[in-house]
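Number of protein chains: 2
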Amino acid sequence: MKNIIVQKFGGTSVADTEKIKNVAKAVIREKALGNDVIVVVSAMGHTTDYLIKMAKEISDSPSSREMDMLLSTGEGVSIALLAMALQAQGCPAVSMNAVQVGIMTEKVHSKARIIDIKTDKIKSHLAKGEVVVVAGFQGVTDDLEITTLGRGGSDTSAVALAGALHAKRCDIYTDVEGVYTTDPRTVPHASRLDEISYIEMLELARVGANVLHPRAVETAKQYNVPVRVRSTFKLDNLGTLIIGVDEMELHRPVTGVASDLSQARVVVCDVKDNPGTAAILFNSLAKENISVDMIIQSYARKALNTNDIAFTVEKGDIDKTLEIIQKVKDRIECSNVFVDNKIAKVSIVGAGMIDRPGIAATMFKTLADLGINIKMISTSEIKISCIVAEDQADEAVKGLHRVFHLDCEEVAEVNGDLPDV
Amino acid sequence: MKNIIVQKFGGTSVADTEKIKNVAKAVIREKALGNDVIVVVSAMGHTTDYLIKMAKEISDSPSSREMDMLLSTGEGVSIALLAMALQAQGCPAVSMNAVQVGIMTEKVHSKARIIDIKTDKIKSHLAKGEVVVVAGFQGVTDDLEITTLGRGGSDTSAVALAGALHAKRCDIYTDVEGVYTTDPRTVPHASRLDEISYIEMLELARVGANVLHPRAVETAKQYNVPVRVRSTFKLDNLGTLIIGVDEMELHRPVTGVASDLSQARVVVCDVKDNPGTAAILFNSLAKENISVDMIIQSYARKALNTNDIAFTVEKGDIDKTLEIIQKVKDRIECSNVFVDNKIAKVSIVGAGMIDRPGIAATMFKTLADLGINIKMISTSEIKISCIVAEDQADEAVKGLHRVFHLDCEEVAEVNGDLPDV
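These protein sequence lines map, in sequence, to chains A and B.
Sequential numbering from 1 applies to the first sequence in this note's numbering.
Sequential numbering from 422 applies to the second sequence in this note's numbering.
What the hints contain is simulated information worked out from the structure, not anything from laboratory work.
Virtual Cβ for every residue (Gly too), placed ideally from N, Cα, C.
A portion of the hints provided could be inaccurate.
[Stated by the list, open to error] The list that follows gives simulated cross-link-like pairs (lysine to aspartate or glutamate, EDC-like), each with its CA atoms no further than 16 Å apart:
| hint | chain 1 | residue 1 | chain 2 | residue 2 |
| --- | --- | --- | --- | --- |
| 1 | A | Lys-121 | B | Asp-691 |
| 2 | A | Lys-56 | B | Glu-566 |
| 3 | A | Lys-53 | B | Glu-566 |
| 4 | A | Lys-2 | A | Glu-30 |
| 5 | B | Lys-442 | A | Glu-57 |
| 6 | A | Lys-121 | B | Asp-437 |
| 7 | B | Lys-442 | A | Asp-16 |
| 8 | B | Lys-440 | A | Glu-57 |
| 9 | B | Lys-474 | A | Asp-16 |
| 10 | B | Lys-477 | A | Glu-18 |
| 11 | A | Lys-56 | B | Asp-563 |
| 12 | B | Lys-542 | A | Asp-143 |
| 13 | A | Lys-21 | B | Asp-481 |
[Stated by the list, open to error] Each pair of labels, with its calculated beta carbon distance range:
| hint | chain 1 | residue 1 | chain 2 | residue 2 | range |
| --- | --- | --- | --- | --- | --- |
| 14 | B | Lys-542 | A | Thr-119 | 41 to 47 Å |
| 15 | B | Asn-794 | A | Pro-92 | 27 to 33 Å |
| 16 | A | Ile-115 | B | Lys-544 | 36 to 42 Å |
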């Protein structure tokens, strides 16, 4: 039996008919290597924006069911055109939408989760030597309601299909050349990683590396599907392979550095140090669907029996957060509330830091040497994050990138090969 | 139980978001009369042309399966937007594509015929007080392949739905105000008919009245569904009601006059007058999918044991027809073959002519008085067609329209009401 490769091309890669013909070439190239190929595509370029624009002209608040019906047409167009392009180049191909494949989701519109993927029809097409072109981003419920998967949906479709079909690999073609040690716009010496583990990728995605949506990464981790992020426009470049941490050949202590400017810090002062006080505050926030990222509680001031609670939320949630604090103010008995909008979260991520002490100390010393004050710290097994002043974020990222030997030339020495930048 | 009305709006009626909002008003107006309403819509304005253009950019001969997949997305957009527009105007509504409804067709792409329509889901939505917005033109096979119904497909969808759901009426909204006694562009005094029977409509459609596709009319006749053709832009105008011939209140001898310039005449001379000669000729044409319209065989010339066979085919089929005749020439033993491209078929149609003798004679005398030579004649129970020279077609239509009292004022006298022209 042949190996199955799932390829995913985003909206930019299929933005017009010329680009679709090029995608067909990349598909045929993969098939020529002796693989069975499934291609997942998004809607063409600005189609989704155009459809949303029309919906807004008609209704201020279009129902999510009808939005899903509307948006799902976008992939219907791109799968049919790509199948035609493949056939025109002599490659047998068939397009399938989510209903035809059976990409079963929960009955939630605009952000459904995949429950199950039927594989029998796809397999029978593959057995006939056909490339199967599948609509990404969409799903269907038991009673034939059309759903969409929300942000990063097509990536998730591709990875889930790869999992369900025990594919050898899922290739995510995109307009970047892979996953970088940090944002190349901030650090020109950022280097492309040859490999990264799912957990590192998850941490990097959460702190602002937009290459692959965390849901897609989690799905890949769940099914243990190797995912390659690579450039649509430079097919010879192998990009970055995302795999299980156990399968990685080399662990550097730090894999990547990222900064996230989307958060604001809230400090609630002099909160009564009673059991349950924090629970009241964070339950109230959770009820209103406000995601809290970092939480730091100071040591209690014994004499006053109070402490300070600091946490970060999305900047857009600040007004709502302050309203909620106002409502629970009497119950948590706080004094002042401070908001700091001008912060950045700078993080270092690396599965290799688990067994290596001193990484955190190196990070703090590096920031101190640069005269950067740390406002909050949080750590996980493979990540250390520091909140610093917004205008010092780039400097912090550059310093950490250099200290942890991620700059391009140094990575090249480690790998014995000069990576493309 | 409420009456069900099926409304159908074509591409021009839903060409942009403003027009879709207006369609929503027409739907709500029908529902306000106390009816359950199902709306069938086509793709928006030039969407289909745009999709075809992209397909042609990709492939000279895109497969019909992928074309169906591509084109079916057009109605997906319009049904979702119309459902949103209805909801925005306070009317509960739900969109359904062919898969969701279960508009089952044979497995033939680009011109499938409807086999069955499931009604349970539509009924349950209607029972909840919702308007059901259904995608026209498309169908689905048992194994979830997407099909399209070909020309006039949305009209056929609407009429078939009306039949399956025992609707009280199917309203076809279009950019004309109804069915006219003849083409108003040829005869300014053409009058709109209040009623016309299915069989008359079929005959008129076949001879060039493009208001409603014959397949839709046949479907209406089969299910005995009253169909009203009416203007999207003049909602107070009741248009033309197409009903069974038995239900019509008044039969004029002639209901309409039409001319058809699409045919050419072929005369095969001196064919051997043996049994089976005509069969050889017309079987050969049928095998190559060439539709023959009128066929006239002259009286056999006893002395020579030959006769002439004249028939008409679509002008575009002439070359192929001549090739086929060349192939069977020896078997039918003909001498010369003549082609006449400059002809027109002028027809009068009317269920009322069945019991009234002299209609044909009046037609022939009218043409003779105008100095118009008749080249071929064919008749059915409710139609008489004459082939005349192409450049005399308009004069023939005007003369017949006048003689059979179809000009606007005279019709007005008969009905006691002045129709809109």
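Status of the hints after comparison with the structure:
no. : hint                                : result
1   : A/Lys-121 <-> B/Asp-691             : violated (59 Å)
2   : A/Lys-56 <-> B/Glu-566              : violated (32 Å)
3   : A/Lys-53 <-> B/Glu-566              : violated (30 Å)
4   : A/Lys-2 <-> A/Glu-30                : holds (12 Å)
5   : B/Lys-442 <-> A/Glu-57              : holds (10 Å)
6   : A/Lys-121 <-> B/Asp-437             : violated (37 Å)
7   : B/Lys-442 <-> A/Asp-16              : violated (30 Å)
8   : B/Lys-440 <-> A/Glu-57              : holds (11 Å)
9   : B/Lys-474 <-> A/Asp-16              : holds (12 Å)
10  : B/Lys-477 <-> A/Glu-18              : holds (12 Å)
11  : A/Lys-56 <-> B/Asp-563              : violated (36 Å)
12  : B/Lys-542 <-> A/Asp-143             : holds (10 Å)
13  : A/Lys-21 <-> B/Asp-481              : holds (13 Å)
14  : B/Lys-542 <-> A/Thr-119: 41 to 47 Å : violated (27 Å)
15  : B/Asn-794 <-> A/Pro-92: 27 to 33 Å  : violated (57 Å)
16  : A/Ile-115 <-> B/Lys-544: 36 to 42 Å : violated (28 Å)
When each numbered hint is compared with the structure, violations occur for hints 1, 2, 3, 6, 7, 11, 14, 15 and 16.
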